[in-house]
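J.: Starting from the structure of chain V, add chain X where the hints point.
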Amino acid sequence: MAKPDEFKPDPPSENPKTEVDDENGDDVYEEEETEEHELDEEEDDEPEPQLRGRIPQSAVLMQQAKLQGLFQRLQTQSVPLRVHDVLIKGNTKTKDYLIESEAALFKNCTTMQQILEVSRAVNFRLQALEIFDSVKITLDSGPPELPGTSNVIVEVQEAKSPLSGEIGAYTKAEARSSTVEGTLKFKNIFGHGDLWDGSFAYGWDNLAELSAGVHFPRFRGASFPLDVRAFLLSQDWLQFSSFKERSMGLSVALLSSRNHDLVYNLGWRTLTDPSQLASRSVRMQLGHSLLSSLKYTFKVDRRNSPLRPVRGYAFAATSQIAGLAPDSRCSRFLRQEVDLRYAIPLGILNSALNLGISGGIVFPWGTGFKNLPSPLPDRFFLGGNSSPISSLGGPTTVWGYRTRGLGPTEPRRQLKSNGGDEDAADPGADFLGGDLAVTAFADLSLDFPLRWFRDRGIHGHIFASAGSLERLTQNAYKDFSLQKFVSSFRTSVGAGIVVPIQPFRLELNYYYMLKKFEHDRGKPRFGVTFSM
Amino acid sequence: MEESRDGDWTLVARKPYFGLPTACPVCLPVYIYLKFARCPFNLEINSAYPDSDQIPYVEGGTYVAYNNEKGGVIQQLKQDGVVDLDSEFSSLPEWVSMKAMMSSWLADAITYELWLGSGENSAKQIYYSDLPWVIGKVLFVKQVYDVKQRFNISKQNAEKKEEEIYDRAKAAYRALSTMLGEQDFLFENRPTSLDADLVGHVLFTLKALPEDSVIRAALLEHGNLVRYAERHKNDFLTSGQSSASASNFQPPPSAAQASSSSKPKRKPKREKTEEEKSFQRKAKYFIGAQLVAVLLFLSLLGSSSKADLDEDDED
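As you go down the protein sequences, you meet chains V and X in turn.
For what it's worth, full-length UniProt numbering labels the leading residue of the first sequence as 1, then goes sequentially.
For what it's worth, full-length UniProt numbering labels the leading residue of the second sequence as 1, then goes sequentially.
Here chain X stands alone, though its shape is the one from the complex:
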């Protein structure tokens, strides 16, 4: 793996959401690929440019690998010798066909579901939640229109196109599920970019799409794919997450807090416990003081009444 000019690699991706380090279906496979390669990198968030085809990109010093060049970020990283997990498999026919299927059928299914299907709210959260409302609204409408143009969808053929996209996705799931079986990885028990694509796709479909999503329901029928993705999520995504910093143009709180999960919750509890202890301590003192006062009062009252009785007796 080649070192960056400054020693630091940075992946610029879209914001984290749904428990994923980056909720964008295009950015997540790149993130996972770098994790598979055990390449140390920083994660930076860009929420101001949702319609850019340059994002995600990897930068290091004056080197930048944009997503809209040379077949994508991963392909560019391989070609430039930065990190290459596919050197032994990229010429295998099965590898090539699986890659083609993932980059066409499954990618189209995600795109359709996100913008024209049931994933509309997810799309808004991922891409436009950090933009002013007006801009987000206009960009969303423009993106929906662009997707319709890309799939050549009209009122007459909408249903047919939808059925075609879903059928292809289901066929792809069957093929991948058969090929994977119960292995850890698709090829020779070693991670490749194909695994990164597949894990990214499965995690996004399960976490980001709503429960009534058609492709989500189709994916859940293949338990081995779900287990495969969850296993790698626990191994690579949850432990030792790279630091994330929000794009400097956007308010930091939501992005920064989403990436670190449990620690912020403990602090309020600790403060509460200390306050409670202090309160309990003071309450005990108060009650103790009251008890002493009552005892004193009673004792004094008792002694004075006895003295009165003695005086009465003498009289």
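Next comes chain V alone, as it looks inside the complex:
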């Protein structure tokens, strides 16, 4: 289920001279010297001179000229060539269908250039399966009776050790924040390219997760991968909202591609309050619930860089429906998030104006839904130490406000002091989140004049952000008005330095609150945000 965005291999280069062969660095063009296939009818039929002992310099020069001519022809002219057959070698455990399905792109090739490009793509995709130590793609001549054809030989070397481990930073489909994760993987146990893993993750919001899962790149011949994970998750919100959340269940990624994600979650969720200080609204939600939900995410990111976008746009929309179970006693709600980012280059000092707006709404459904509250863990909370520029995860951040630091609150339980009737120290208030959330920001980034900073990507930025939360459930929507909602927006401004440390974006900022409300946890200060 983890999407190791930052560790995906780069897509194949468009440079036709890039090697498409295995990691040993063998040059496909070097192999062509010894290849037997015919590239072109016009190709010189003279046999290549054998290199034995001393070779006349004129012969060497002629050979070089021929090769240069060949390269030039490959670059400038379309050399017709079809693939007759794809031969697979080296797989003792891996099923043929897996490699054949990745190499299916060769069938549509009609020219040499296309074959070379597809070779790079297939090599990249086979390497991305993480089950081979090396992948070598060779072109061989086709059958003599079929001129203008070639055979493609895909030679793989399966991973010697099925066990591997890694530590990384991920953004999971289900997480509300980024996590640092350690993973142990078992590869290709059944030969279907299956990857079994056990992992432990720790997130910035006191999130701890233990999970185990399996990834099938092409489950039963499907064109998309299948991920199944069992998870045990614990999140501590005692400090902010007087409850702890514990979840265990199953997560199935039904569809996962560059732009689309469809995930089914079945989980048993328990909210507890060990502190016994929770406010009334939180007390009402303590207990057990069953979550059976389908979550679809559409994401397109056309920015030049998510860490420092200078041009382009990004859009993400997430829809979640919970309550997909025959048992009507499970948790039922609808949740929708939308994110839009736009970067406008300004041309001076690599400066850019980044604009962004995010919105979200959650509402229960089912019998008596108007009187039901939305589930506390699924509401929107604003605040935290992450930058809204990088993330596309719904309305989460208003610069300068602490974690869950703004929005509706309710006083916690008041304890009586041991001295008698006098009350003990003020226990504070619980942040309850909101059913409707909107955030917006504007950020002007620019390079520093010094080259030392420019070389390292360190730049400055000036920003402004705003956000608000509102309750809609339990008939609160009847009192909702747009004017009142707009007037409840908190705003902040600031400036700072951005240090990109791949894959993170580190910001050292100064924040100033232009508008805040009584219980909001935000004040003029220096702060650090850390996001990816």
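These aren't lab readings, by the way, just hints derived from the structure by calculation.
Bear in mind that the values here come from a model prediction, so they are computed numbers and not experimental data.
A hint or two may mislead.
As the list claims (entries may be wrong) - Computed footprint of chain V on chain X, listed as stretches where at least three residues anywhere in the stretch have a Cβ under 8 Å from a Cβ of chain V:
| no. | stretch |
| --- | --- |
| 1 | 87-95 |
| 2 | 120-133 |
As the list claims (entries may be wrong) - Residues of chain V placed beyond 12 Å of chain X at every Cβ, according to the derived structure:
| no. | residue |
| --- | --- |
| 3 | 70 |
| 4 | 124 |
| 5 | 138 |
| 6 | 258 |
| 7 | 411 |
| 8 | 446 |
| 9 | 512 |
All C-beta atoms, glycine included, are put in the ideal place defined by N, C-alpha and C.
T.: Chain X alone, transformed into the frame defined by chain V:
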């Protein structure tokens, strides 16, 4: 009695069932205690947290008295000066010993019967009927295991432990029955928390446990205890019941409807009667119209045949 900060007290308890305002044996005595104290309160139901030791709890504004603090909800309400019915009796040796007996022997008997005895179905209805099946099943199994651990029951000593628990319960019933006699209350004809505990225990045993329950059968042998509980049920529980609202997370219908008994049944009857009247009215009109039509037909037929006969005679 101290007023709550907002003026409203709320008792959060488990769902009503078996004709009881709350079917949980721990929640019912608290409910009865507040009724004895004539303390106005709202009843809210929490069906999502059956394994919580915080429930029942009483809240008012920012004040909360949890059941797992300071000896229980009732004790906490007394200590915090909210409501105290035991001020004159709590130091009496008889009161203390009865309280100890009820909170140990009788409480253990109920716990054993509910989770390890014949009350398994009752337990499922009270605690897990509003939870998804999977969760309810797992929590039930966990609770049964916890109870066995608490009583230190194993395969070897199960029968012995059961006999011990039942014998203590029977001894407690005898003692309480002797002490109560035919009085209205245990001490000086005034309700105390001990009465709340006892009434709650007796009502739960009679209403919620099945007929083959051992402790139910033992309780029925003491008619004065049964009459005592029924009398207080009629006086305090049936009349002027507090409003109940289901926890907002759970489907409301079963909890809300269980608390108000007769009114919903009358409405369908009234509608049926009106429909019947309307139907009967229309039927009468129809029959009357048919009768008139028949009479008209007959009269017309009669007059035409007479005219024919007259014509024949003239011919």
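J.: Of the numbered hints stated previously, which ones are contradicted by the structure, given in increasing order?
T.: Of the numbered hints given earlier, those the structure breaks are 1 and 7, listed in rising order.
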